[in-house]
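J.: The opening position of the sequence shown corresponds to residue 1242 in this note's numbering, with each subsequent residue numbered one higher.
You may find that some hints are simply not true.
Derived lysine to aspartate or glutamate pairs resembling DMTMM-like cross-links, with alpha carbons at most 20 Å apart [stated by the list, open to error]:
hint, residue 1, residue 2
1, K1245, E1256
2, K1245, E1262
3, K1245, D1260
4, K1245, D1273
5, K1245, D1302
6, K1245, D1303
7, K1245, E1298
Think of the hints as simulated: they come from the structure by calculation, not from any bench.
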Amino acid sequence: MAVKITHDSADRRFEIHVDSELAGYSEYIESDGARTFHHTVTLPQFRGRGLAAALTEYALDDTSTQGLRVVPTCWFVRDFIAAAGDRYSHLMEP
């Protein structure tokens, strides 16, 4: 199983592919120095493999590298950040 994560900046989303097939995505809106992650999806046939967590980790790391803050309106992203302890606390809006 080959997993690849990409950032589609034109569509404002991160995508995860398994063997070249789209397995999930995380959509965001970018404004005022922040990315608001509002929707994360794992397609049904790919659920239960930890793909959403890998995708979210990649998206948050990219957001950090870009010097942007995070507004996690998506429940999955919000819960992922909470479970990560202090790792992503510097990205959160004050």
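J.: State for each hint whether it applies.
T.: Going down the list of hints, with the structure as the test:
no. : hint          : result
1   : K1245 - E1256 : 8 Å, holds
2   : K1245 - E1262 : 10 Å, holds
3   : K1245 - D1260 : 8 Å, holds
4   : K1245 - D1273 : 29 Å, violated
5   : K1245 - D1302 : 15 Å, holds
6   : K1245 - D1303 : 15 Å, holds
7   : K1245 - E1298 : 13 Å, holds
Violated hint for the displayed structure: number 4, the only one.
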